[in-house]
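Chemist: Hey, can you piece these two chains together into the complex? The hints should help.
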Amino acid sequence: MGDRTQRIIDEVTAANWVQDGMTIAVGSPAPMALLRQIIRRGVKNLTIVDSGVTLDLLIAAGCARKVVSYYAGGGFGVPVAPAFRRAVERGEIEVWECEEGILTTGLQAAAQALPFLPWRGGVGTSLPEVNKDLKVMQDPIRGETLIAVPPIKPDVTLLHAATADAYGNVQHCGGPGWLDLFLYRAADRTIVQVEKIIPNEEIRADPWATTIGGADAIVRAPYGAHPFYSRGYYVQDNAHLRQYLEASAAAAQENRSEPLSQYLNHYCREPATLGDYLERIGIKRLLELYEY
Amino acid sequence: MPTNEYTPFEQMAVFLARELKDGDVLRVGVAMPVAEAAVRLAHLTHGPNMELIFLGARMNVAHLETIPMPAFGWDRRVVRWAESYSDTGHRFDRIKDWDRHVFFIGGVQVDPYGNTNLIGVGSDYQHLRFRGPGSVGTPTLSTHVGRYYIVLNSHTSRIFVEKCDFISAFGWGTGGADARRKLGIPGGGPRYCVTPMCVFDFAEDTKRMRLRSVHRGTSAQDVQANTGFALAVPTPVPVTDPPTVEELRALRTRVDRSGFLRRNA
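Sequence lines, in order, name chains A and B.
So the first sequence is numbered by our numbering: it starts at 14 and just counts up by one.
So the second sequence is numbered by our numbering: it starts at 13 and just counts up by one.
Chain B on its own, in the form it takes in the complex (with noise of 0.2 Å):
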């Protein structure tokens, strides 16, 4: 694919690694591809005192020419890259130190306080339409990392909803700047919500979404007609910084040299 042409899941990719500042302790949990390359851009290009956590396994492998994906967890690939290694229970240890870890979130469900469900979809919990996952350790990570991202794999209005059906992790509740300290909670939550089509933010004011920026070829209809909810938008549309021919160069040479967000956007 020409360095003029890129997917969604490049353009996110590219927008993630730029937030990610050297020296941050970057989390990644199970089916994130779009966080996982980010996190290794970002090493490989401006982050050499980050560290990468997949799973348990934690590295610093700024040293490498490629951090190529995918490849995961125990994986042997990871085993390799690992300095170290942690069961459950150290690695939701020293969290009072986590307001410079930075973790990624999925949801099959997301409203628009930020709040997240991976339980399920439906009105009565004895009886749900769709059984998710479960909460993995998103209800701990998005109660103490200093801040997070909310990333998608697609943008719907199934997946963007007024109100979550079941929230597992907390972002701002009901919305006002004071939601989670009303609550006692540390962390920063969640700074931006990023899809393929757009990127949100959040009020000061409200902590309501908003949205940020769209990218490339998208506007801001199509993202409101794929949107559950009312969104505040900007005038004039900004559209998301493209990734830039180096950035795009070194995504797909030494992070995604399968082509796994060239093909699966």
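Just chain A, with the same shape it has in the complex (with noise of 0.2 Å):
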């Protein structure tokens, strides 16, 4: 008998596991070591179940055809991602008009090998009109009237965590984050990039602490969630997130391109890895935003 299968790759191996034209969801905190490697490649095409910030950077980037979001803001005081809005406005991207509780329902569905599951909030919106694949049903229960919500399913699903073994059982901080239990639950496949790799019997000393045990690869990256929070090591850098937004602004309302571009050649197309990056952050700025 062989040894049982390690699971730990390098974070440019694992984000060739994206390839152009697929679906992918982001999760919350961000996996930037990894969302930046796919913009490095220049990934085309891609389908993103994401919303805010992470969502915005990958349209700037030009790796996204079409969105399922239910909120693209910026925060800081920015109503609407610039570059979302933009690419939207001028029919560069589509969107797959959804909220909150359809983007969960949608999942759920995807991960039960479900057609569809229903959902109630929505009736009486516009949301069955602009996105053509919610469907007004009447159920058949008690004949109320319901959305059907078809499985929303993503190729591959990125995620940052706290830590993880080697065989892909993975335990967040404070428990998982925003989404990333239905985005994990829905993928074919999950990359979870991690604070810190652990040993096996660590896990196994709280097995209840586990909060995915089958992620399909696992990537060492401390501070991979940069410029974004990682609970439990680091606070989000704001300074940095609102260097890109105003970049992202002057592309999208001025059609002042060159921060935009600079930001991404400098922090995402120019540095080879995870470490390249942090060395353009700097070990001063990211011991600042050790804390929790």
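These aren't lab readings, by the way, just hints derived from the structure by calculation.
From the three backbone atoms N, C-alpha and C, an ideal C-beta is built for every residue, glycine too.
Mixed in with the good hints there might be a few duds.
[To be verified] Derived contacts from chain B toward chain A, CB cut-off under 7 Å, selection only:
#	residue
1	Val37
2	Val42
3	Trp93
4	Pro145
5	Gly146
6	Thr152
7	Thr155
8	Phe178
9	Ile179
10	Ser180
11	Phe182
12	Gly185
13	Thr186
14	Gly196
Modeler: Below, the structure is given as structure tokens:
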């Protein structure tokens, strides 16, 4: 009998799982080490299940053809993420219009191999008109009006978590992230980048703390969520995020694309690895963020 | 700022805080500074059994002297207040009990029947003139919560339109007290719409928006001039009860310590 197969791969190899035209889902904390590799490779025509600034970044970098998004705000007083807004208004990307309840329902349908699951939120709204995949139905039990939500099935889900062992057992710090478990359950394959690889014995010492028991790949990625937070490790780098949002807004609203291409080149395209990226951020800045 | 002066945002926050009852479960989403202030103020002044849910963070911090803003969501300042967290799926669970939940909603368009639009502006969905942020969780929340408040950061006739280009949260549809029941939408619907100029409510029978009160210094004519549909206006026009000295002091020293509502109104 051979040894149990280890699932640790580097971020470059892992990100190669994402190919042009696939559907990817992005968790929170943001798996930035993986997303930067996708941008670096210039992957195109992705359908992206994501929200907020990471979605904006992937659109700004030209990776998106379609987005499954319930919310694309920028934070920091930016009501609509700039690259998202411009790309949609120009018809450069398609939106699979939804909302949080419909999104989780579609992910659940995919996870449970069902053709649809019903949801009530959205009845009476324009959602079924602007998203033809959502079907208004009469339920066969009580005859109520509901929305049938088809499966939302990512080819690859990309997550960031605190720790994992070599066999794909993941433990989030302070519980699983925002949508992470929905995205994991629905996807064909899941890559989890983690702050720290820990021994299998440590996982078995507290199996109830394992949030994902079957990640397909584990990527060693300390500080891999920067400029976002990683619970238990570091806080969000708001100055960096503002810098990105200003660059994205300059490109989208003033047709001034230089700051954005500089940002993308400097932080996403030129650094070959996470290590190269972190060198550009600098140890001093990273240590400033090292709190919880 | 002296306590006989206050900004429209402060008036809005105080009005909303008075609306909130002890025991309410208050759900506040993103980009709603007035609602964030209102729930904090209510919690500190008369809501020891309120639960505040900021995104997924559920808290009761009535014992604190201050609950300063801005601080939000996964922000570490909120993390230290939370008693529990939930991911999106759990957040939308136990919906059967949401009749005691209260929610606040904004919109890029609002129509006379309290339908709101966060999708975008334009006659053709494929070619929007303005693309909004998306519906967030507002379709589900507005469907199920016991009552909700439409809270707007500005009051213009571009926001208040006779008909929303798209509806992301169903208020009273095309009107009528049974508009929601006919579609099997269980929640109580929008109660008031609060803006920097005034408070709107909804007529009992038609559920069409009408002027309930104007904030001090604003006239009904001002409101109508900035509203893109005809309003029913009571005579005389009531003035929104201004904030008391105590309310303003609590708001400024215990909640809005950085002066966000004083600067941005």
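Chemist: Confirm or reject each hint.
Modeler: Each hint, compared with the structure:
Hint status for Val37(B) relative to chain A: violated, with the closest Cβ pair at about 17 Å, above 7 Å. Interface hint status for Val42(B): upheld, as the beta-carbon distance to the closest one in chain A is roughly 6 Å, under 7 Å. The restraint placing Trp93(B) at the interface with chain A is violated, with a minimum CB-CB distance near 14 Å, outside the 7 Å limit. Nearest Cβ of chain A to the Cβ of Pro145(B): about 4 Å, under the 7 Å cut. The hint holds.
With a cut of 7 Å, the hint placing Gly146(B) at the interface with chain A holds, because the nearest CB-to-CB distance is about 5 Å. With a cut of 7 Å, the hint placing Thr152(B) at the interface with chain A holds, because the nearest CB-to-CB distance is about 3 Å. Interface hint status for Thr155(B): upheld, as the beta-carbon distance to the closest one in chain A is roughly 5 Å, under 7 Å. Interface restraint check for Phe178(B): the shortest CB-CB distance to chain A comes to about 4 Å, inside 7 Å, so the restraint holds.
Taking 7 Å as the C-beta cut-off, the interface hint given for Ile179(B) holds, the closest approach to chain A being about 5 Å. Because the beta carbon of Ser180(B) sits about 6 Å from the nearest beta carbon in chain A, less than 7 Å, this interface hint is met. Hint on Phe182(B) holds. Least Cβ distance to chain A is approximately 4 Å, under the 7 Å limit. Given hint, Gly185(B) at the interface with chain A, holds; its Cβ is 6 Å from that chain's nearest Cβ, closer than 7 Å.
Interface hint at Thr186(B): violated, since its Cβ lies 10 Å from the closest Cβ of chain A, which is beyond the 7 Å cut-off. With a least beta-carbon distance of about 5 Å to chain A, the hint placing Gly196(B) at the interface is held under the 7 Å criterion.
Violated hints, listed in ascending order, are 1, 3, 13; each of the other numbered hints is respected by the structure.
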